[in-house]
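S.K.: Listed here are the chains, written in short residue letters.
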Amino acid sequence: MAEIKHAAYICKGCELGSRLDAAALVKVATKDGKMPLVREHDFLCSAEGVAMIKNDIANEGVTHAAICACSRRAKTEAFNFPTVAVSRGNLREGVIWIRPDTDEARETTQEMAEDYVRMACAEVKAMKVPEGNQNTGTSKTLLVVGGGMSGMTAALEAAKTGYKVVLVEKTGALGGMAGQLWKRIPNREPFKAPMDSGVADLVAQIEADASIKVYLNAVIAKTSGAPGRFRVDIAVESGPTVTEDIGAIIQATGFTPYDVNKLGKLGGGQANVVDQLGLEALAKSANGGAIKRADGKDVKSAVFVQCAGQRDTSGEHLSYCSGHCCATSVKQAMYFKDANPDVETVILFTDLRMPGNNEDFYRAAQNKGIVFRKGEVSNVSGGDTCKVQFKDLILDEDTSTDADIVVLATGMVPTTGPDLDQLSEANRAAEGGDTTAKEQVVQMMSKSVLNLDYRQGPDVPQFKHGFNDSHFICFPYETRRTAIYAAGPVRRPMDIAQAQEDATGAAMKAIQAIENAGLGKAAHPRSGDLSFPSVRLEGCTQCKRCTVECPFGAIDEDEKRFPLFNESRCRRCGTCMGACPVRVISFENYSVNTVGAQIKAVDIPDEFSEKPRVLILACENDAYPALDMAGMNRNAYDPFVRIIPVRCLGSVNTIWITDALNSGYDGVMLMGCKHGDQYQCHFVKGSELGRYRMSKVYDTLKGMNLETERLMDLEVAITDVDTLPQKINDYAAKIVEMGMSPFKGL
Amino acid sequence: MTVATNQTILVVGGGIAGMTAALEAAETGKQVVLVEKNPYLGGRTVQLYRYFPKMCHPTCGLEINLRRLKANPRIQVLTMAEVTGISGDKGNYSVNVKLAPRFVNENCTACGECNKAATSEIDDAFNYDLGKVKAAYLPNDMAYPQRYVIDPSVVGTAEGQAIKAACKYGAVDLDMKEEVVTLNAGAIVWATGWQPYDAAKITPYRYGEFKNVITNVEFERLADPHGPTGGKILRPSDGKEAKNVAFIQCAGSRDENHLRHCSRFCCMASLKQTRYVQEAFGDAGKSTIYYIDIRAIDRFEDFYQEVKANPNVSFVKSKVARISEDKNGDPRLWGVNTEGYKRYSEPHDLVVLAVGMEPSVKNVAIPAEVMGDSSGFVMADPSNAGIFGAGCATNALDVNRAVQSATAAALRAVQVVNQVARAEA
Amino acid sequence: MSDMNQQMAAKYQGNFLKEIEEQAETGEWVKMCMQCGVCSGSCPTNFHPGWEHPPQEIFMMIRAGKREEVLSSQSMWMCVSCYNCYVRCPRKVPITHIMHGIAEYAYRIGRAPKNQPTLHLSQTFWNNATKTGRVNEVQLTQTLYFKDGIASGIKKAMAMQDVALGLVKAGRLNLMEAIGGGHKCKDIKGIHAMLAKAKELEAQRKGRAA
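Protein chains in written order, with the numbering used here: chain A, 1 to 746; chain B, 747 to 1171; chain C, 1172 to 1381.
These are calculated hints, taken from the structure and not from any lab test. Nothing here was measured: the structure is a model prediction, and the numbers come from that model. Do not rely on the hints blindly, as some may be mistaken.
Calculated cross-link-like contacts (lysine-lysine; reagent style DSSO-like; alpha-carbon spacing at most 30 Å) [said to hold, decoys possible]:
(1) K947/B to K1088/B
(2) K1189/C to K284/A
(3) K54/A to K816/B
(4) K464/A to K1054/B
(5) K292/A to K1182/C
(6) K1182/C to K1088/B
(7) K727/A to K978/B
(8) K5/A to K816/B
(9) K816/B to K140/A
Computed, partial: chain B to chain A, Cβ under 7 Å [as the list claims (entries may be wrong)]:
(10) K800
(11) R814
(12) N838
(13) S840
(14) Y915
(15) R1000
(16) R1045
(17) T1153
The beta carbon of each residue, even a glycine, is placed where N, CA and C say it ideally should be.
Based on the provided sequences and hints, a complete structural model is requested.
M.R.: Here it is as structure tokens:
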């Protein structure tokens, strides 16, 4: 191994040179930072400055560089030295830009800068350049579960990109729900008539594609391993179980229509009252001719009831909107009109939801004579003559209409596996000896789609209403199981056009996951990160906190009940590191040490100095940029705070807090993202877990005879640029009021 | 120097769709050139205050995307750049890119000295011209590249010289000229996004004439703490707090006199904006949404139900016929609530027109043969060869769906360059 | 005439939308309305109490099969042909024309409201103009003014006397036309033949009740 050489670089540009005593900073880096090589430069990010650093790396053997200049978010192209460990001392946005340029402020500003130099030196010394996860797999095959429109599209798109695909379909034929349709909603100009579903064409393409292997009548019996090296057991009906090596997985298991029999008031289950899929079957058998009812009678009039058991506020049925059903009813009413314009078709709706160019489809429907009425349906009775009672909201009157057939536009129920929270609850009860819970577990497990042998359950965690959706608006594919993506109506209610687009996107993400897993790189949001958690098992107490808390299900337990890290599943948030009570988990460039050393590096003035010290651990995704922007806007804040960015609040180990308070810091502030239902944490559970842990620290504080207010937990959004400085100042003022920590100088 | 080969993917448009397409492709190991017309990335999303339905901030996702971008050496970004010509075919395009002068080079440290030296002011495009900025400016706090821009109006003036002199790092270069570079690319992702429909064309609403009739995109800037009013919802005519706000849906959309299509996002945007009113004024803030159909699709319905349950928000099923102005500057809405024929003539403090999405491609023609639909959106078609639409260039989409579309477009582009790679291997 | 009404009702068996589509001029546009109400709000007579059903509501009533209420409604007769509704309609529905179309149909089958002033004006004008091929303005005015009796006629005439005198002075009104037929076109027979043919052609073209 090459020799380690540390160096520090102090920039004097952007007024750093005039506002700060650079010579003193050099001294601090040399003496306190113990840097053998310290250089200052008038304009460090200039070509010349960068060349100087590069020269040191090439010719002076520098392996670790502490760059004390601007924020780590600035000048990233200039300060890009991938072969060495780099820390950034934030003297600009973090010091001179948030301090007034006055004689009065000079001393505390300088002290602040000196501390940041000490911290940058301490941090870089504790860092290593990540070498990348070596425990990678080599499989570049994509597994697609579900052979409907979404699954077939994902398979074909992946194959077109040059990847092998294994497609597993539960039934005996490809096509899924789309295969049961007579026609589909048009997805291109002129948006005027139903069009061929295209299922047969996709099936033919799949059959002709040698890189797609199809298993029909098959389900996933077991999925083990990690991205790039999944081992998937496929149980084929009346055949042996097959095992495939898989790189990434797309779950495209679709939906089932909401059970129409639950809609008694709307005539569900009664004669000649069908759901949309029921009508598709009738249209299919009519094959373009007059549509007949189940009893063989020609339909002369049809009424469509929108939002049947959907958008339900009573809590009894589905509360969401399935999005496609307005256009689907329009399409189905066209089936009647196209076969015989004299068939009367009425669509009863409250809000007609046909976005985009579907507006043209709506126009075409009106043009064909389909009648639209804004009405709330109260009752439907089936029979030879069906009766629909409703309130016409435009004419403001209760009325009714008769029809030969009534079509209920019911919603989509996703075909996801068991809800993991409910499952783990049942599991706990079952372990406690509850026999009903045991049966429940068996029943729930039978619903599993992927049968992952993950410590945290057999399927992908669900979001709202049981869908495998992402919570993130900017990142629709973020499932909580790395390299497993959901596509189509299992992710969110959608029509065929959207499902195909979605499946193509999911294929992109799955292929990307395969490639990055192979290179030992992290997936979103720390894409490309080569660091990964390593554990010192000798020190592990098998407390299981890491395995339980990992938001991504990356950690299993081995036979000896030690944590088993699956690096390729890991998203590098550091939640495990924050959770570990014995601190045996670390990343090469981010560890209990890299932060701990910074905390220790800060100079703590004695209790009579009137210079308190407040440690701020700020989420690097939102709070730290907000602080940076506060600097850019020259929003001043207290000079006694020392800020350390963390990957996520979830990575904060309580030792940092207790150590800080033990060593004389007067207060600790945590800044993390919103948690709860509308969480904004990029690692889903990180900020929530971090906060939960911190609530335990309050007891420790009491044990130390310290005021609990010395630990403050602040929810910060990236836009809190103007309010954050005030909050910092308020906290600092509170600390002053409280008085200095009694732990100083101990 | 921009390096590009026939295995490069060119992404046109650096909004959230373009950034996504570029990142997804680059993170799969592909070489990408990202071309953006503005001096910064992020597009229209950065100009939004919050996203529906989570009420979270667009800059939060942008920060992650920028970090992905900064960490990825495979993406080259060209800002203030526009594609002016495309020739060649799938697998081997030659693309002309016009680069407008920024007058600031990569030496810029974003220290802001040039801004201090500037004296003249120009319209603040980032805030839809609702405010002013100095002629040497950083477009917004999240601007990437984090580099100032100098307005061409000061070039050749004494002010320009003063700005140049203020920069200690030789970053100001007033001699920069517009240039055209030619790049090679195997596939092109067209993600030029959308523009708000020109509200002045909807004559009965008197936009541009009545100051207190504004658009939904402008309202985002009013609500944003970093907007021209510091986040206070003040009406333009007299700076009075706008506590009684009307939202007019389908302002231009679903209308054969304007945009044929439904723009999809505007119902949700207005529902979200009622929250801004609530947030600013509590129970004193009243919102009224005038609508034809509330299109809160899929789980957005939850959001609609929440807003509907708010007693401070009312819904009127009506396309507003016209707006007049009361003496005190209140815009007065005239029309009929069609649920039971109820005539109204209601004054409000402020009217927000929920203007629709017009594809930018409609106005900025793609310099290549590409299929478009009747609204001017790029339509997927095999005849488009190696050019793929993404995001709102293809359809009226919300952010989430635009990102989905961009991810799909990235794969289509990857398929082309993979084919090229296989052919050349 | 009321036979015609019954015939039509029987022919369409409650499908009033179809009846309007086939029988009323531009009636085929009724189905295109999406109930946004911009027409109703744009109507200058919107705040007139006689305006019982605005256009969009009439269209909904047609779809709901409210035959009697629509045909006997005063509303269509209230249209002043300002075309605000038509130019603002997002579906480009020719609302003004439809209003007239329905009104004309109601009249044709004898279901128009009795003593409807607009109807009276239209009828008077039509009779006056088609009789000789030219409008006799004095007689037209007389018929209108004295519609509700002599006293009210004199009152109206007195109120308008300044305007009338102005018209006379300007040579726009010939009081002599009060007696005799007034000026006529040269070929009255020809005009009548043309009108009869036009009526026949229209009925043929649309298969409408004559």
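S.K.: Check whether the Cα positions of K5/A and K816/B lie no farther apart than 30 Å.
M.R.: Roughly 26 Å separates the two Cα atoms, so the pair holds.
S.K.: Checking hints one by one. Is R814/B an interface residue toward chain A, by the C-beta closer than 7 Å rule?
M.R.: holds (5 Å)
S.K.: Within a Cα-Cα threshold of 30 Å, do K816/B and K140/A meet the stated pairing?
M.R.: holds (27 Å)
S.K.: For the hint on K800/B, does the least C-beta distance to chain A fall short of 7 Å?
M.R.: holds (5 Å)
S.K.: Given the hint that K1189/C pairs with K284/A, test it: the Cα-Cα distance must not exceed 30 Å.
M.R.: Given pair K1189/C, K284/A holds - Cα atoms ~29 Å apart, limit 30 Å.
S.K.: Was the hint right that T1153/B lines chain A, CB cutoff 7 Å?
M.R.: holds (3 Å)
S.K.: Under the criterion of a CB-CB separation shorter than 7 Å, is S840/B in contact with chain A as hinted?
M.R.: violated (24 Å)
S.K.: Within a Cα-Cα threshold of 30 Å, do K727/A and K978/B meet the stated pairing?
M.R.: holds (20 Å)
S.K.: Does N838/B pass the interface check with chain A, least Cβ-Cβ distance below 7 Å?
M.R.: violated (19 Å)
S.K.: Next pair to validate is K54/A with K816/B; report whether the Cα-Cα distance is within 30 Å.
M.R.: Holds, at about 19 Å.
S.K.: With the threshold set at 30 Å, check whether the alpha-carbon distance from K947/B to K1088/B stays at or below it.
M.R.: holds (27 Å)
S.K.: Against the 30 Å threshold, does the CA-CA distance of K464/A and K1054/B hold or violate the hint?
M.R.: With a Cα-Cα distance of about 20 Å, the restraint between K464/A and K1054/B holds, given a limit of 30 Å.
The structure fails hints 6, 12 and 13 (numbered hints given earlier, in ascending order).
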